[in-house]
Amino acid sequence: MFIEQLQHHDSVMHNISRRGFLKTLGIAGSGLVLGVTLPSFSPAYAAESGNGEMNLFVSIDESGEVNIICHRSEMGQGIRTSLPQVLADELQADWERVNVVQGLANASYGSQNTDGSRSVRHFYQTMREMGASARTMLEQAAAEKWGVPVEEVKAIDHKVVHQSGKSLGFGELAAAASKLTPPDVASLVFKNKQDFKYIGKGLTIVDMHDIQTGKTQFGQDVHMEGMLYASIVRAPVVGANVLSFDKDAALKTPGVADVVAMPERSFPVGFNSLPGVAVLASNTWSAQQAAKKLSIEWTQHENQSHDSGAFLATLQERVKSKGKVQRSVGDAYAELDKAENTVQASYSVPYLAHATMEPPAATAVFKDGQMEIWACTQTPQSTQNTVAQVLGLEPSQVKVNVTLLGGGFGRKSKPDFSVEAAILAKHSGKPVKVVWSRENDIQHGYYHAISAQHYQAGLNDKGQVSSWIQRSAFPSIGWTFSGNTNEPQSWELSLGFGDVPFQLPHLSCESHEATAHARIGWIRSVCNIQHAFALGSFVDEVAVAADKSTPQMWLELIGEDANIDPGQQGFEFSNYGETLERFPLDTKRLKHCLNEVIAKSGADKPTAANEAWGVSVHRSFVSYVAVAAKVKVDNNKVTVLEMHSAIDAGTVVNPDRVKSQQEGSMIFGLSIALLGEISFKEGKVQQSNYHDYQVLRMNQCPEIYTHIIDSDAVPGGVGEPGTPPVAAAVANAIYHASGKRIRDLPVKNHMQV
Amino acid sequence: MISFELNGDKVTYEGDPNMPLLWYVRDELNLTGSKFGCGVGMCGACTMHLNGQPVRSCSTPMAAANGARVTTIEGLNSEAAVAIQQAWQKLDVVQCGYCQSGQVMSATALLENNKQPNDQDIDMAMQGNICRCATYHRIRAAIHEASDTLAKEVS
Chain A
1 MFIEQLQHHD
11 SVMHNISRRG
21 FLKTLGIAGS
31 GLVLGVTLPS
41 FSPAYAAESG
51 NGEMNLFVSI
61 DESGEVNIIC
71 HRSEMGQGIR
81 TSLPQVLADE
91 LQADWERVNV
101 VQGLANASYG
111 SQNTDGSRSV
121 RHFYQTMREM
131 GASARTMLEQ
141 AAAEKWGVPV
151 EEVKAIDHKV
161 VHQSGKSLGF
171 GELAAAASKL
181 TPPDVASLVF
191 KNKQDFKYIG
201 KGLTIVDMHD
211 IQTGKTQFGQ
221 DVHMEGMLYA
231 SIVRAPVVGA
241 NVLSFDKDAA
251 LKTPGVADVV
261 AMPERSFPVG
271 FNSLPGVAVL
281 ASNTWSAQQA
291 AKKLSIEWTQ
301 HENQSHDSGA
311 FLATLQERVK
321 SKGKVQRSVG
331 DAYAELDKAE
341 NTVQASYSVP
351 YLAHATMEPP
361 AATAVFKDGQ
371 MEIWACTQTP
381 QSTQNTVAQV
391 LGLEPSQVKV
401 NVTLLGGGFG
411 RKSKPDFSVE
421 AAILAKHSGK
431 PVKVVWSREN
441 DIQHGYYHAI
451 SAQHYQAGLN
461 DKGQVSSWIQ
471 RSAFPSIGWT
481 FSGNTNEPQS
491 WELSLGFGDV
501 PFQLPHLSCE
511 SHEATAHARI
521 GWIRSVCNIQ
531 HAFALGSFVD
541 EVAVAADKST
551 PQMWLELIGE
561 DANIDPGQQG
571 FEFSNYGETL
581 ERFPLDTKRL
591 KHCLNEVIAK
601 SGADKPTAAN
611 EAWGVSVHRS
621 FVSYVAVAAK
631 VKVDNNKVTV
641 LEMHSAIDAG
651 TVVNPDRVKS
661 QQEGSMIFGL
671 SIALLGEISF
681 KEGKVQQSNY
691 HDYQVLRMNQ
701 CPEIYTHIID
711 SDAVPGGVGE
721 PGTPPVAAAV
731 ANAIYHASGK
741 RIRDLPVKNH
751 MQV
Chain B
1 MISFELNGDK
11 VTYEGDPNMP
21 LLWYVRDELN
31 LTGSKFGCGV
41 GMCGACTMHL
51 NGQPVRSCST
61 PMAAANGARV
71 TTIEGLNSEA
81 AVAIQQAWQK
91 LDVVQCGYCQ
101 SGQVMSATAL
111 LENNKQPNDQ
121 DIDMAMQGNI
131 CRCATYHRIR
141 AAIHEASDTL
151 AKEVS
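Protein chains in written order, with this note's numbering: chain A, 1 to 753; chain B, 1 to 155.
Don't read these hints as lab results, they were simulated from the structure. No experiment lies behind these values; they were computed from the predicted model shown.
Partial list, computed: chain B residues near chain A (C-beta under 7 Å):
id, residue
1, Trp23
2, Asn30
3, Cys38
4, Gly39
5, Asp92
6, Tyr98
7, Cys99
8, Asp123
Here are the computed distance ranges between Cβ atoms for each label pair:
id, chain 1, residue 1, chain 2, residue 2, range
9, B, Ser3, A, Leu243, 44 to 50 Å
10, B, Ser3, A, Asp634, 49 to 55 Å
11, A, Phe267, B, Val11, 47 to 53 Å
12, B, Ser59, A, Leu243, 31 to 37 Å
13, A, Val150, B, Val154, 56 to 62 Å
14, B, Ser59, A, Gly483, 36 to 42 Å
Computed far set for chain A versus chain B, every beta-carbon distance over 12 Å:
id, residue
15, Arg97
16, Val148
17, Glu172
18, Ala186
19, Phe190
20, Lys247
21, Asp258
22, Asn272
23, Asn303
24, Glu372
25, Gly429
26, Glu487
27, Gly559
28, His592
29, Ile708
C-beta: ideal position from N, C-alpha, C; glycine also.
Given only the sequences and the hints, what does the whole structure look like? Please build it.
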């Protein structure tokens, strides 16, 4: 059915105007529609097929309305605005006449897994190509209608204009354009940067009005006639199953329709539902009340001996000895023995939960062999595939609708909650909405792994670092999917550890084993959290020992301008799924961010006696962020006064959304630094709601300043890189203000916050 | 029987008087602008106005609504509310948006009680509303902006 396929480096453009495919997307099929095929993306964090066929779309109907599909999930990062604005710019469309249509789960898109800070990174160029192709076809259609050479016409402001002054609107040209062959991608002419109308502008997000007036639909908001509301009590210890429960007590509660034992589970836990008991009722309240009456007894499992405090002590002991070498150069141990002065320190970060404002929720209907799901998911495709697999269906029998997400941060790229809804919908034959309570969310998450790090440095008589040893130990995300992985994986160590950006003659990066006792998952910036905290803190400690400023120590350690390849020192560096040619580890950009944040914040200026600045810098998701934080310490009480960041994320599509992501990710980092801690006793999570798993509130929020570094480089990640450097910057500031060194997060365990 | 005024309309309810107002409005009336965040009054996503005062509807039993005037985000239309929503738009406050109807409800109630709040007043009134995306300092700025707008309209 394709008119023609044209290949050019990464993408293939198709004219798919007459394909029935679009009808399933709810878009009128008349007029011009372009699709594009992308190569498979290496799935960075989740096991799912990335083999795509048809991918992104733009359609123009005969009234001139432009529909742009957003196949990525919106969770506050502004992607439903940012990607369409790139396409609209190249198309020369009027933004007021653009509709954004949310794409369904479909393998044809390539990966839809919205995590890893890669939506703009992976689709910026594609969006430009699609916009430019559609524009070229509209111009060609106009030229043919007028019988003039195409060089004499030009698309501008939603119409094509001839040099004589006559013009035709996009809508008037859509039908004719749809019959044309898409241009060779290699022949496309793109707009120059100075001609950008939308790219680089802070357009207001497309959902702004509906959000403010309560009209949006999140996963928790889905409502269907005859729907049952489910509340599930899940096994408190990972590995335990239901032994017995009091079905009758729950059934007697008014409004309750059914009480259902969820399927038993073993390992690996994967994305599957957890064992437990579900109550189905006519409203959420009845379901939640009845769930309290289930009196469930659970089977025994060895994970019930898990105590996070004791476990951390084991990891901390382990990282004091030599581990498995992941990257090395020279002989760090021999040099350490020869050093004039040595510094060593251990750091830890506890388990963390996402605590998205919207707890997970999914609604499912099973009818005539077809499962349809509405969910706040970051990953519609693995929702589709996991549901199909668990229920013995074909993926084609599972349709997944993506609602808005009330926060994601990685939690909602695990589709366990959709699996629950699907199981219950199939069981009951009615629409079922599974509503996770906050307690469910805090106690049955996929946790950021508890971790310990140990760093050692040797200094010569000039205070220069001659030897550097670093070690890390934490349960691996790999365990969640294998059931037996017991050590950090190289892709996890690629997040701020094995890619330490130092050019030192003697370096050893090592890892240690750690067993998982809970579902381990990824949370905003993943292992960069613990690695950037440890590294940024230790550089500060080494600077103090060498009697140098912290920025000076960073600049010495980073060394000359260079592109570093950790692979040359034996490390299997995954570089966020990118090549080093396209996204080098560029020390010049790293140093520039650090210098810029100091210049902009005044972090090198004197402060009041009980106040101080702390700084740190980190590359993650192929972007570079430096943070300067100013704190005040009064009688062991910490107040964070202001935080600055400088971000180099390459080309920026929507500066206001980059700024808002920096603000959000830095406060996310500040919540981790000051407050974040999930602990386990007897295998169970000790926290349950926002009173004991605290996140930052308005009265604790410092002034925040974001400095975006102007760059024409390829777009890098934005949603996550602001988080990693925060904890070290704050802990360093606390040290310089009070003399108290925080090496074990969160700060609240040591000081008042 | 419990009866009250919701967004200007009279509603009646005969179920469990302990059921929180939030679940009645969301599940039975299908008004989903008020959000469920914590169920224990700790996050503010469910904020409604009960006789003009902000309340956490997840922890407000239906019995407490009897005879009252309840406003949800869907029924918000006061002068202060319009100023708040315009300021929110002007400063591009929202990210994911889930907490924002609660934020708008709390901020509107603040301005209706105090036309010229300072930063401390704002922190006091808004610290019960969590925003995990951390739009806090934009919210603070937007409340000042709305307050200035209201002051200009009066003068």
